Amino acid sequence: MTDETKAPSERPERPAGDGPREFRPSGDRPRFGGGGGRSGPGGPPREGGRKFFRRKKVCKFCTEKIADINYKDYRLLGQFVAESGKIVPRRLTGVCSPHQHRLASAIKQARNIALLPFAGRAS
Amino acid sequence: MNRTYELMFIVRPDMADEDLEKLISNLESTVTAAAGSIKSVDRMGKRRLAYVVRKFREGIYILLTIEGAGSVVHELERRLRVTEPVIKFLTVRIDEEQKRLEKIKKLRDAKKKVSAQPAAVAEEAPAAPAAETPATA
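These protein sequence lines are chains A and B, in that order.
Mapping of the first sequence onto this note's numbering: residues 966 to 1088, in sequence order.
Mapping of the second sequence onto this note's numbering: residues 4 to 140, in sequence order.
Everything labelled a hint here was simulated from the structure, so no lab data went into it.
A quick note: this is a predicted structure, and the numbers were derived from the prediction, not measured.
There could be a bad hint or two in this list.
Claimed, not checked - Distance condition first, Cα-Cα at most 20 Å in a straight line; then the derived EDC-like pairs of lysine to aspartate or glutamate:
{"#": "1", "chain 1": "A", "residue 1": "Lys1073", "chain 2": "A", "residue 2": "Asp1038"}
{"#": "2", "chain 1": "B", "residue 1": "Lys49", "chain 2": "B", "residue 2": "Glu78"}
{"#": "3", "chain 1": "A", "residue 1": "Lys1073", "chain 2": "A", "residue 2": "Asp1033"}
{"#": "4", "chain 1": "B", "residue 1": "Lys106", "chain 2": "A", "residue 2": "Asp1033"}
{"#": "5", "chain 1": "B", "residue 1": "Lys91", "chain 2": "A", "residue 2": "Asp1038"}
{"#": "6", "chain 1": "B", "residue 1": "Lys109", "chain 2": "A", "residue 2": "Glu1048"}
{"#": "7", "chain 1": "B", "residue 1": "Lys114", "chain 2": "A", "residue 2": "Glu1029"}
{"#": "8", "chain 1": "B", "residue 1": "Lys25", "chain 2": "B", "residue 2": "Glu80"}
{"#": "9", "chain 1": "B", "residue 1": "Lys109", "chain 2": "B", "residue 2": "Glu99"}
{"#": "10", "chain 1": "B", "residue 1": "Lys91", "chain 2": "B", "residue 2": "Asp22"}
{"#": "11", "chain 1": "A", "residue 1": "Lys1073", "chain 2": "B", "residue 2": "Glu78"}
{"#": "12", "chain 1": "A", "residue 1": "Lys1037", "chain 2": "B", "residue 2": "Glu100"}
{"#": "13", "chain 1": "A", "residue 1": "Lys1073", "chain 2": "B", "residue 2": "Asp20"}
{"#": "14", "chain 1": "B", "residue 1": "Lys115", "chain 2": "A", "residue 2": "Glu1029"}
{"#": "15", "chain 1": "A", "residue 1": "Lys1025", "chain 2": "A", "residue 2": "Asp1038"}
{"#": "16", "chain 1": "B", "residue 1": "Lys109", "chain 2": "A", "residue 2": "Asp1038"}
{"#": "17", "chain 1": "A", "residue 1": "Lys1037", "chain 2": "B", "residue 2": "Glu78"}
{"#": "18", "chain 1": "B", "residue 1": "Lys108", "chain 2": "A", "residue 2": "Glu1048"}
{"#": "19", "chain 1": "B", "residue 1": "Lys108", "chain 2": "A", "residue 2": "Asp1033"}
{"#": "20", "chain 1": "A", "residue 1": "Lys1037", "chain 2": "B", "residue 2": "Glu105"}
{"#": "21", "chain 1": "A", "residue 1": "Lys1037", "chain 2": "B", "residue 2": "Asp22"}
{"#": "22", "chain 1": "B", "residue 1": "Lys42", "chain 2": "B", "residue 2": "Glu99"}
{"#": "23", "chain 1": "A", "residue 1": "Lys1021", "chain 2": "A", "residue 2": "Glu1048"}
{"#": "24", "chain 1": "B", "residue 1": "Lys42", "chain 2": "B", "residue 2": "Glu87"}
{"#": "25", "chain 1": "B", "residue 1": "Lys91", "chain 2": "B", "residue 2": "Glu105"}
{"#": "26", "chain 1": "A", "residue 1": "Lys1051", "chain 2": "A", "residue 2": "Asp1038"}
Claimed, not checked - Restraint ranges, calculated between C-beta atoms of paired labels, are given here:
{"#": "27", "chain 1": "A", "residue 1": "Leu1041", "chain 2": "B", "residue 2": "Gly48", "range": "17 to 25 Å"}
{"#": "28", "chain 1": "A", "residue 1": "Thr1028", "chain 2": "B", "residue 2": "Met18", "range": "29 to 37 Å"}
{"#": "29", "chain 1": "B", "residue 1": "Asn29", "chain 2": "A", "residue 2": "Lys1051", "range": "16 to 24 Å"}
{"#": "30", "chain 1": "A", "residue 1": "Leu1057", "chain 2": "B", "residue 2": "Gly48", "range": "42 to 50 Å"}
{"#": "31", "chain 1": "A", "residue 1": "Ala1047", "chain 2": "B", "residue 2": "Val117", "range": "40 to 48 Å"}
{"#": "32", "chain 1": "A", "residue 1": "Arg1086", "chain 2": "B", "residue 2": "Ser118", "range": "39 to 47 Å"}
{"#": "33", "chain 1": "A", "residue 1": "Ser1049", "chain 2": "B", "residue 2": "Lys108", "range": "30 to 38 Å"}
{"#": "34", "chain 1": "A", "residue 1": "Ser1062", "chain 2": "B", "residue 2": "Lys115", "range": "25 to 33 Å"}
{"#": "35", "chain 1": "B", "residue 1": "Arg82", "chain 2": "A", "residue 2": "Arg1067", "range": "41 to 49 Å"}
{"#": "36", "chain 1": "B", "residue 1": "Ser118", "chain 2": "A", "residue 2": "Lys1073", "range": "31 to 39 Å"}
{"#": "37", "chain 1": "B", "residue 1": "Ser32", "chain 2": "A", "residue 2": "Arg1067", "range": "29 to 37 Å"}
As the list claims (entries may be wrong) - Short derived list, chain A residues pointing at chain B, Cβ under 8 Å:
{"#": "38", "residue": "Glu1029"}
{"#": "39", "residue": "Ile1031"}
{"#": "40", "residue": "Ala1032"}
We put the CB at the ideal spot given by N, CA and C, even for glycine.
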């Protein structure tokens, strides 16, 4: 029961990560989409030029030095799975290529053993 | 060729404890008969499944760590497939991943040892004047 109540509470963070998408039409450098201007953990917006400061996303596994990405650790994996059950792309999460590779295979293994859903939220 | 595998399987939630123990000991004898060895048995308990499997919404998870050749896994999987209460299983080879992790750990430890010594010296230096100032004031 506890993890069920916890899982949805973690989810709303993701739409915030999706936020920069809406900014894109007005933003001048959409490829470097980051945490968005309003959350502002990256510091104050720069003077002139860019209107929205975007924090450079960094790989969670590199910064926190998480060495093994294991299929049993479904809570960790759940952070990189969208509400629909999809694996969140690298451009949104900022995970580096080698880690995304391991992450994807771990998520697929977890799906196989019913720790993560193939589609939709865990029932 | 000895390899390490991790075998996770799910049995139906209404299975009795003694039946489960019997199943596990059965699997153990299968492994030893095929010249392998069981390193650990982890009963992870009842858990809700992420999706419905054979009309079950929850299941009992069990994790085995096995050492042996690939033929051991082959035989084990065949047995699990014909065992009716087992609803799902997954085998993952873990020895190469373990090797990789050990390598990373070694590297990190080596780095720590190098960085720990100058850091300890640096810590002592500002601590000494800080301790003096309240005494003088």
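A quick look at each hint next to the structure:
{"no.": "1", "hint": "A:Lys1073 with A:Asp1038", "result": "holds, 12 Å"}
{"no.": "2", "hint": "B:Lys49 with B:Glu78", "result": "violated, 26 Å"}
{"no.": "3", "hint": "A:Lys1073 with A:Asp1033", "result": "holds, 15 Å"}
{"no.": "4", "hint": "B:Lys106 with A:Asp1033", "result": "holds, 12 Å"}
{"no.": "5", "hint": "B:Lys91 with A:Asp1038", "result": "holds, 18 Å"}
{"no.": "6", "hint": "B:Lys109 with A:Glu1048", "result": "violated, 38 Å"}
{"no.": "7", "hint": "B:Lys114 with A:Glu1029", "result": "holds, 16 Å"}
{"no.": "8", "hint": "B:Lys25 with B:Glu80", "result": "holds, 17 Å"}
{"no.": "9", "hint": "B:Lys109 with B:Glu99", "result": "holds, 15 Å"}
{"no.": "10", "hint": "B:Lys91 with B:Asp22", "result": "holds, 17 Å"}
{"no.": "11", "hint": "A:Lys1073 with B:Glu78", "result": "violated, 24 Å"}
{"no.": "12", "hint": "A:Lys1037 with B:Glu100", "result": "holds, 14 Å"}
{"no.": "13", "hint": "A:Lys1073 with B:Asp20", "result": "violated, 30 Å"}
{"no.": "14", "hint": "B:Lys115 with A:Glu1029", "result": "holds, 16 Å"}
{"no.": "15", "hint": "A:Lys1025 with A:Asp1038", "result": "holds, 15 Å"}
{"no.": "16", "hint": "B:Lys109 with A:Asp1038", "result": "violated, 23 Å"}
{"no.": "17", "hint": "A:Lys1037 with B:Glu78", "result": "violated, 24 Å"}
{"no.": "18", "hint": "B:Lys108 with A:Glu1048", "result": "violated, 34 Å"}
{"no.": "19", "hint": "B:Lys108 with A:Asp1033", "result": "holds, 11 Å"}
{"no.": "20", "hint": "A:Lys1037 with B:Glu105", "result": "holds, 19 Å"}
{"no.": "21", "hint": "A:Lys1037 with B:Asp22", "result": "violated, 25 Å"}
{"no.": "22", "hint": "B:Lys42 with B:Glu99", "result": "holds, 17 Å"}
{"no.": "23", "hint": "A:Lys1021 with A:Glu1048", "result": "violated, 24 Å"}
{"no.": "24", "hint": "B:Lys42 with B:Glu87", "result": "violated, 25 Å"}
{"no.": "25", "hint": "B:Lys91 with B:Glu105", "result": "violated, 30 Å"}
{"no.": "26", "hint": "A:Lys1051 with A:Asp1038", "result": "holds, 17 Å"}
{"no.": "27", "hint": "A:Leu1041 with B:Gly48: 17 to 25 Å", "result": "holds, 20 Å"}
{"no.": "28", "hint": "A:Thr1028 with B:Met18: 29 to 37 Å", "result": "violated, 43 Å"}
{"no.": "29", "hint": "B:Asn29 with A:Lys1051: 16 to 24 Å", "result": "violated, 39 Å"}
{"no.": "30", "hint": "A:Leu1057 with B:Gly48: 42 to 50 Å", "result": "violated, 34 Å"}
{"no.": "31", "hint": "A:Ala1047 with B:Val117: 40 to 48 Å", "result": "holds, 42 Å"}
{"no.": "32", "hint": "A:Arg1086 with B:Ser118: 39 to 47 Å", "result": "holds, 44 Å"}
{"no.": "33", "hint": "A:Ser1049 with B:Lys108: 30 to 38 Å", "result": "holds, 36 Å"}
{"no.": "34", "hint": "A:Ser1062 with B:Lys115: 25 to 33 Å", "result": "holds, 27 Å"}
{"no.": "35", "hint": "B:Arg82 with A:Arg1067: 41 to 49 Å", "result": "violated, 30 Å"}
{"no.": "36", "hint": "B:Ser118 with A:Lys1073: 31 to 39 Å", "result": "holds, 37 Å"}
{"no.": "37", "hint": "B:Ser32 with A:Arg1067: 29 to 37 Å", "result": "holds, 35 Å"}
{"no.": "38", "hint": "Glu1029", "result": "violated, 13 Å"}
{"no.": "39", "hint": "Ile1031", "result": "violated, 11 Å"}
{"no.": "40", "hint": "Ala1032", "result": "holds, 5 Å"}
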